[in-house]
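Order-wise, the sequence lines are chains A and B. Our numbering puts the first residue of the first sequence at 4, with every later residue one more than the last. Our numbering puts the first residue of the second sequence at 5, with every later residue one more than the last.
Because the hints were derived from the structure by calculation, they are not lab data. Since the structure is predicted, the reported quantities are computational estimates derived from the model, not experimental observations. Built from N, CA and C at the ideal position, the CB exists for glycine as well. Incorrect hints may appear among the rest.
[Stated by the list, open to error] Subject to a maximum C-alpha distance of 25 Å in a straight line, what follows is the list of computed DSS-like cross-link-like pairs (lysine-lysine):
#	chain 1	residue 1	chain 2	residue 2
1	B	Lys-440	B	Lys-427
2	A	Lys-139	B	Lys-90
3	B	Lys-478	B	Lys-224
4	A	Lys-132	A	Lys-142
5	B	Lys-410	B	Lys-439
6	B	Lys-158	A	Lys-10
7	A	Lys-142	B	Lys-85
8	A	Lys-139	B	Lys-158
9	B	Lys-478	B	Lys-672
10	B	Lys-440	B	Lys-500
11	B	Lys-238	B	Lys-21
12	B	Lys-224	B	Lys-21
13	B	Lys-21	B	Lys-85
14	B	Lys-224	B	Lys-238
15	B	Lys-85	A	Lys-139
[What the hints assert, rightly or not] A few chain B positions that, by computed beta-carbon distances, are all more than 12 Å from chain A:
#	residue
16	Arg-20
17	Glu-45
18	Glu-82
19	Ala-132
20	Leu-208
21	Phe-251
22	Ala-373
23	Asp-454
24	Met-649
25	Asp-704
Single-letter residue listing:
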Amino acid sequence: MVFNMAKYVEWPAGSFGSSSAPLAVCSVGRGPFAQALEPYRGKTVLGHPLALRRLAVGDDPADCHLLVVSGIEKRYLAGVLDQARRRTVLTVSDLPDFARSGGMIGLVEQEGRIRFEINVKAAQQSRFKISSQLLKLAKIIRESD
Amino acid sequence: MGRPGQNFIRNLPLQRKLMLIIMVCCGATLLAASIFFVAREAKVLYRAQQEDLTSLADMIGRNAASALVFNDPNSAQETIKPLTAKSSILAAYVVSRDGHLFARYLARDTGGALLPLERLPFSAPPEAVTEAVERIARDAGQNSVLSGYACLVKPIHLDSEWVGTVIIHATTKGFLNNLRGTILGTLLFMAAAFAAAYFFSARLQQMISTPLLNLLDTMKEVSASKNYAIRAVKPSSDEIGLLYDGFNEMLCEIEERNQILRQRQAHLQQLAHYDPLTRLPNRTLFYDRLAQALFHAERTRQAVTVIFIDLDHFKDVNDTLGHRTGDLLLIEVANRLATVVRSCDTVARLGGDEFTVFAQNIENAQNAAIVARKLNALFAAPFHLGESEIYVTASIGVTLFPSDGKSVDELLMNADIAMYHAKSCGKNVYKFYDKKMNEHASERVTLLSDLRLALEREEFILHYQPKVDLLSGKVTSVEALVRWMHPRLGLLAPDKFIRLTEESGLIVELTGWVMRTACTQAKAWHDAGLAVRVAVNLSPYHFQRQDVKQAVFSVLGATGLPANLLEIELTESALMQNDEYTCRVLGELRDMGVTISVDDFGTGYSSLSYLHRFPIHTLKIDRTFILNMMKSSEDQAIVTAIIAMAKSLNMQIVAEGVETVDQLERLKGQGCHEIQGFLVSRPVNADHVAHFFTDENHLDQHNRSDAGPGSDAAKAMA
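Only chain A is shown next, with the shape it has when bound in the complex (with noise of 0.2 Å):
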């Protein structure tokens, strides 16, 4: 999932120092969806490779060009997301309400099958341009809602 939505993000100018430089997926916490990223370990992404890398909470994202937040406590997602916003990274968690809470692309399961919550506002805010396809596909969240 995380690996398909990535196909949809455009990075900020200067993210990767070349067009095959990998694109470091890192993860935080213990969660199933952090899990389902080990089979996609190597495939590239439009010519990008996936680096794989773990982060313990509190771990400064740097070089992180996406966070996967999986499992943690809902008190420490606050310091999570300050941290990934001061380095540029794009976040995608399986949490609930992770959008509206100030993450940028949140999975939420609804009638059988996962959609998305993205919060436009947090992703131009890093200067991410996420794909107008998969906004469409997405239900935008507002973080004043």
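Chain A is already provided as a structure; the job is to place chain B on it using the hints.
Coordinates of chain B only, in the frame set by chain A:
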């Protein structure tokens, strides 16, 4: 033969054939061009349709990719929804990678076509869907026209990863409509082009066919009218122009040959019916015309006179002046004859010097006599033939139809007899036919048959007439003269039968006999001590045969007579004909010692200037001059002239037919050398003539008796 159609085309008129060729070429070209055009157009249209569908599929694929990836069928369905606006799309499907029908759009009206995925339920098993998709992909583009719809199968990729398939079915109605329009337009264009080609070919083929057909018309006209003067007007300078030239040249050739043929036919006609020399009708035409005239005269009971004209002494003219002059004479005679007769009368030349005339509507014999007299009068004027001017007379025999004969043959025969009678009556006269003449003519025929036997029966005898020297009165030579002792008619003089012997060819034998007999006699005299020369007359016939020398040789050889005792007498005409041969042979005879005399000198037409060229010893002046010498000063002048000329040419002069002492004295006075005639002796047999071979002066003897033994009876026998 080839296919049946081949003959049909071959026998098609030229215009049709040309048009057929042009139209077939045009049609084939148009058809090929049209097929190419339609096929190309169809290809373009099909490609446009496929491109249309491809771009559509691309769009759908791109929009449906995220929905597929994130398994959002609703969103996918949303993506396809805009297609409903496009009427040409029958159905669109999005099939996921794992073979689920992910999204589907079906137009309300599929146009009756059954689409392959339509039957599948939405929840069909993935294998069935995959298989159906593969089948569609396989068949796509193949059966779009047959099935009535077009298919397009397009895989959906996301980041070069296959995530699903788009299948679009579109109606081909638009494509087919376009194609139909194109084909219709092409057909219309073809029809128009074909019509234009027909129109132009109908005119263009005339460039070829019209001149050929015109030539054909001309040919038909020529062949129908047989008018070879017609010419075809050349329309151009190409091969057809050459054809026209060739045709015209052939016509020219035919015309020329035709003309030559006609001329030859006319010439043949002329030859068949006209005498080529005088241009008078010939015997054939004369017989024909006379037969018609007689037929007509019999019905209208009219008289016709048939006149036979024969020139007197024509043979002499021919012999002495040459055949060319003879021909000129005949032409001139023909011209004169033609002036006398009326246009309804006919003058013809039967051959030789024989002319015939017939005149129709002659009332009586008096009128016929008028015609005859007119004809006779024609010969009064001299004939100018080249440089010569001569007098020629004609003997004329006249017959009358129906009294003297009923048929052409009878009339002509009797006219011939009458003409002969006229000739024997002194010539230059006309005679009417009399039945008695027929007896005379038959006498002639009898005489001829007698003549043939006469030589065998030895009925000929020789008489001799001495020639006496005027000064000495002695016999110098004797002339052998032939007589015919006819068993029934008695002794006949040469003038009764010589012409007959000449006509029958017996003259050769007769002359041979005369020479032999005379020479034998002379030899006998010689042996008896009487050396006297014997003179023999040679017919012109011998000079024609060119055997004079042989004849003389053989006789001298056979008889043993010395050549100097033989004398040859020939007439002027014999001298003049074939003069080269005559001159040569006479020279040879003279060299042998034979004496050469010219007989009857003055009656012929010899040119005096010729005379000195011949080796002649003696000239014998014709008796008619001697006879008339005393009465006519002109004849006297002639005698004087001849004597003077002969003397100047060193020739001996003998006067023939000397009958009186007056003549003798006159001749003596003129300087004539010898005389021959009744004054000395008439021709007598060998025994009698031998009495003259003495030394006595025979002239004195006559001088004493004064009147010679010459009598009319004896004269006639000379």
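I'd like to know which numbered hints this structure contradicts. Please list them from smallest to largest. 3, 13, 18
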